[in-house]
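Q: Take the given structure of chain Z and dock chain U to it, following the hints.
Number of protein chains: 2
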Amino acid sequence: MERGSAAAVIIGNEVLTAKVQDLNGPLLARRLRDRGIPLRGMTIVPDEIDAIVEAVAHSRSIASHVFTSGGIGPTHDDVTVRGVALALGRRVVRLEPLERMVRAHYGEAMAPEALRLAEAPEGTELLWREGIWYPILHCEGVYLLPGVPQLFQHQLEVVLARMEGAPPKLRTLYLSLEEAVIAHVLDRVALELPQVAIGSYPEFDRSAGYRVKVTVESTQLALVDEVVGRLKRELPAGGVLRIE
Amino acid sequence: MERGSAAAVIIGNEVLTAKVQDLNGPLLARRLRDRGIPLRGMTIVPDEIDAIVEAVAHSRSIASHVFTSGGIGPTHDDVTVRGVALALGRRVVRLEPLERMVRAHYGEAMAPEALRLAEAPEGTELLWREGIWYPILHCEGVYLLPGVPQLFQHQLEVVLARMEGAPPKLRTLYLSLEEAVIAHVLDRVALELPQVAIGSYPEFDRSAGYRVKVTVESTQLALVDEVVGRLKRELPAGGVLRIE
Numbered sequence: 001m002e003r004g005s006a007a008a009v010i011i012g013n014e015v016l017t018a019k020v021q022d023l024n025g026p027l028l029a030r031r032l033r034d035r036g037i038p039l040r041g042m043t044i045v046p047d048e049i050d051a052i053v054e055a056v057a058h059s060r061s062i063a064s065h066v067f068t069s070g071g072i073g074p075t076h077d078d079v080t081v082r083g084v085a086l087a088l089g090r091r092v093v094r095l096e097p098l099e100r101m102v103r104a105h106y107g108e109a110m111a112p113e114a115l116r117l118a119e120a121p122e123g124t125e126l127l128w129r130e131g132i133w134y135p136i137l138h139c140e141g142v143y144l145l146p147g148v149p150q151l152f153q154h155q156l157e158v159v160l161a162r163m164e165g166a167p168p169k170l171r172t173l174y175l176s177l178e179e180a181v182i183a184h185v186l187d188r189v190a191l192e193l194p195q196v197a198i199g200s201y202p203e204f205d206r207s208a209g210y211r212v213k214v215t216v217e218s219t220q221l222a223l224v225d226e227v228v229g230r231l232k233r234e235l236p237a238g239g240v241l242r243i244e
Numbered sequence: 001m002e003r004g005s006a007a008a009v010i011i012g013n014e015v016l017t018a019k020v021q022d023l024n025g026p027l028l029a030r031r032l033r034d035r036g037i038p039l040r041g042m043t044i045v046p047d048e049i050d051a052i053v054e055a056v057a058h059s060r061s062i063a064s065h066v067f068t069s070g071g072i073g074p075t076h077d078d079v080t081v082r083g084v085a086l087a088l089g090r091r092v093v094r095l096e097p098l099e100r101m102v103r104a105h106y107g108e109a110m111a112p113e114a115l116r117l118a119e120a121p122e123g124t125e126l127l128w129r130e131g132i133w134y135p136i137l138h139c140e141g142v143y144l145l146p147g148v149p150q151l152f153q154h155q156l157e158v159v160l161a162r163m164e165g166a167p168p169k170l171r172t173l174y175l176s177l178e179e180a181v182i183a184h185v186l187d188r189v190a191l192e193l194p195q196v197a198i199g200s201y202p203e204f205d206r207s208a209g210y211r212v213k214v215t216v217e218s219t220q221l222a223l224v225d226e227v228v229g230r231l232k233r234e235l236p237a238g239g240v241l242r243i244e
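The listed protein sequences derive, respectively, from chains Z and U. Start counting the first sequence at 1; every next residue gets the next number (our numbering). Start counting the second sequence at 1; every next residue gets the next number (our numbering).
It is worth saying that the hints were derived from the structure and are not from the lab. Just so you know, not all the hints are guaranteed correct.
Chain copies aren't distinguished; within one or between two, either way the pair holds.
As the list claims (entries may be wrong) - BS3-like cross-link-like pairs, simulated, lysine-lysine; straight-line CA separation at most 25 Å:
(1) K19 to K213
(2) K19 to K169
(3) K213 to K232
(4) K232 to K169
The shape of chain Z in the complex, shown without the other chains:
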């Protein structure tokens, strides 16, 4: 497991059935990148306990922070709390501070089902944020965020403010060469400098003005510069159109 890495579990039949397009996953990827926290994987699962348990357990095996999106609420399709609890081997309990808050929020007219919002995996930490009545649930590195995009975004920032990271350095090379021609150079450099992530993306639209985009990325700028220098020297002359 990579220290300080993240994984995401997007819980949503509505995404898998294309009723809505998921905004939370892409937002999470961008914000983690800004913060320098590598995202190791993302899984979109239906609103089903078994699928959530599997995805959360697997996510915990590849990353130290796990973000879930969706499935928090009082209705029958809100099963994230139970899924996360099972994945962590913990009971679901009613938390007193949550219960007080739910009762205060709904007042006299509260339907009994609203109290499902007071349930969480045993030992859950509650993260409060001004202006939002329901807190973020956090248990063993798993952060349970709501699926509604505005709420997800707000609560994500609360969680990110607690985390450390080092933003990566990125250079992008635009080449006039085909992938097959550059493959042996990329192979050699990638093998010798495994700490640097080198990506190769062909462009088939001729009006783009280049044929392959190569990305070079690392938290260490010196390593990025070394790879860029080697690619410039070792690729066929004139092959590098520009570097950004």
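A: Just chain U now, with coordinates in the frame of chain Z:
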């Protein structure tokens, strides 16, 4: 495993690092929905063999068709063929028809690395389509599609044309009620008619004119109508604002 169901594995460091937003996953979800093929899960993994093996193996355990996106090509980060082969317990071999095609495509000036495009899991079926020089690789229900969105889209249609499905029927109810108030009715109906997928989505923007959207979906229209009828009768009077 659900017959005729699908799962997706999106292979892309560029997606996880937010360099690009994945278009293929959402497109796949929409097109599968149009065709009536349920999408059971989607995983986004880095360009790493271990991650691909795990994701493909897991996808095969939950769905009969698996679509991969990305990681097809001649460079060091194109490891999908090897990942899929390992997940299927098959060797990677050079396929004669692929080799002929690659040699014809690149001609005299072919770099040796181009021949990586001639490799596939042993026993792979090649699906050809007019106007595209590289075929779709298909092996044991796993379809290896390219990550470039235009190519992904073209090749996806070739695959979908081979599959059968029954498009689902959907009705949407817009309610003036909060989720906590309707939860007991949804619970009861969902429990009694498990073949119908009922989704509940709160709306916190007051200008939307409703508080919860409830979706009712099944391949059988009669069941959808039955659930909609029960919700209209059993929810508090005046709670249903409109039905689409």
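Q: None of the hints should be skipped; say for each whether it holds.
A: Hint check:
{"no.": "1", "hint": "K19 to K213", "verdict": "between (33 Å within a copy, 12 Å between copies)"}
{"no.": "2", "hint": "K19 to K169", "verdict": "between (37 Å within a copy, 13 Å between copies)"}
{"no.": "3", "hint": "K213 to K232", "verdict": "within (13 Å within a copy, 55 Å between copies)"}
{"no.": "4", "hint": "K232 to K169", "verdict": "within (18 Å within a copy, 56 Å between copies)"}
In summary, the structure agrees with every hint in the numbered list given earlier.
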